[in-house]
Each structure stands twice: as structure tokens, then as C-alpha cells.
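K.L.:
Listed below are the residues making up each chain.
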Amino acid sequence: KAGVTQTPRYLIKTRGQQVTLSCSPISGHRSVSWYQQTPGQGLQFLFEYFSETQRNKGNFPGRFSGRQFSNSRSEMNVSTLELGDSALYLCASKTGGKSYNEQFFGPGTRLTVL
Amino acid sequence: QKEVEQNSGPLSVPEGAIASLNCTYSDRGSQSFFWYRQYSGKSPELIMFIYSNGDKEDGRFTAQLNKASQYVSLLIRDSQPSDSATYLCAVIGDTGGFKTIFGAGTRLFVKA
Chain A
1 KAGVTQTPRY
11 LIKTRGQQVT
21 LSCSPISGHR
31 SVSWYQQTPG
41 QGLQFLFEYF
51 SETQRNKGNF
61 PGRFSGRQFS
71 NSRSEMNVST
81 LELGDSALYL
91 CASKTGGKSY
101 NEQFFGPGTR
111 LTVL
Chain B
1001 QKEVEQNSGP
1011 LSVPEGAIAS
1021 LNCTYSDRGS
1031 QSFFWYRQYS
1041 GKSPELIMFI
1051 YSNGDKEDGR
1061 FTAQLNKASQ
1071 YVSLLIRDSQ
1081 PSDSATYLCA
1091 VIGDTGGFKT
1101 IFGAGTRLFV
1111 KA
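In the order they appear, the protein sequences are chains A and B. Residue 107 in my numbering sits at position 107 of the first sequence, and the numbers go up by one each step. Residue 1024 in my numbering sits at position 24 of the second sequence, and the numbers go up by one each step.
Hints may contain errors.
[As the list claims (entries may be wrong)] In silico negatives: residues of chain A with every beta carbon more than 12 Å from chain B:
1. Gly16
2. Gln18
3. Arg30
4. Ser51
5. Pro61
6. Phe64
7. Glu102
8. Gly106
[To be verified] Not the full set, but computed from the structure, chain A residues with beta-carbon under 8 Å of chain B:
9. Asn56
10. Phe60
11. Leu90
12. Pro107
Derived by calculation from the structure, the hints in this document are not laboratory data. As the structure is a prediction and not an experimental result, all values here were calculated from the model. The beta-carbon is built from N, C-alpha and C at its ideal position, and this holds for glycine as well.
Please put together the full structure from these sequences, using the hints given.
P.N.:
Right, dumping it as C-alpha cells:
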């Protein structure tokens, strides 16, 4: 079974631009979560989507948004990029319904904002 | 108080020794507990999960959970240099819609 895939793997943008990241979960997984990882803040939860609905949201500004499609693929969008948005963005999927389901991470998208 | 706390390390152990990694959490209603290993430049990899009080063993890894003390640990027996990585503790709480909260991670170095 293929793992979680994320595209693109690397991105370089400038301040003020917007970016869209994509995540394809493991086949059969209906929950997709997004995380931001930086050396200073560690792994921070952005949001979780389950069956095309946002089920959870972390403490990030409204510039960070996401969506999920009927095939469970998810996209994350960051508008008006700031230097502090430079980070590794990780997507993780799990089967979905139960709180104890373990989640599996994709390789991440490394975003650099100049 | 952070929701999930780990000693940032680094923790240094000689090859063949037991490495003990600890994690405490604040949400008493937490239900699920996970340990991830993350190599530098890579994404986290799930290595253990535990839901019930007590010990759970998988090969060289043992997870221990004590809900009364709000404490979860990971023991790595016969540590190998390839175990050198950052170990992340993750907890799914009872509040906030079952979000997964990660600790900051403990860096482990296994010296050959």
C-alpha cells in the first residue's frame, strides 16, 4: 500500500505571495491532518479534515486554510506569506473515525519564504 | 504548562544500553499515546502506540503508560547507533475534538 504523498517537496516563495500544498493520504484513510514544523516551535497542529469537513483547527491565523476532496486528498493554502511561514509542512493521514487511530506522515513540503 | 512535555535532551547512551525517554501530559482525559521517531531532515515515523495502562512491547521497544501519573515512557533496549534520532511523544486528548498534540521531542544519541 502506498504511503502518504505530498507535493511539491520543496517550494521557494517571496513575502506576500500565496502557496498551495497538496497531500494524498494512504488509500482508505479518510482523515488528513496538517502540521507545521519549525526548529523553534516543534510540530504544531494546523487542522484536520475528515470526510471533506474540517474537524479540528489549531491556533493559526486565517491566512492558513485547507480543504479536502471527495477522494480524501487535501490541500492547504497559505495566503500573504510571511518570513515566519518558512517551515516543513507535514501531512498525516489515518483511517479516521476513532480517536485512537494512529496516523502516518508524508515526507513533507519544505517551504522557504524570502 | 505545555500540554505535552518532554526533556529536550540530548540524551546520550552507549551502544547496547537501555535508552529511557519520558513524556508527561496535562489532559487527564487523554486516550491515546504515540511515539514517533524522526531522523534529521525526515518526517516522523510511528514506532509505538499505547492506549491502556501498563507496558506494551514491540521488539526492542517498550512503551509504558501510567494514566494516574499522566506519564508515558519509551524504553529502547540494546540501543544501536541507528536509533540516534529525535523521539516525539504524541497524545490525543479528551478535549478539543481529539487533536493530536506533540511534545517538542527528545534528541537521542547512541554512541558506538
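K.L.:
Flag every earlier hint the structure violates by its number, smallest first.
P.N.:
Hints 7, 8 and 10 contradicted; others consistent.
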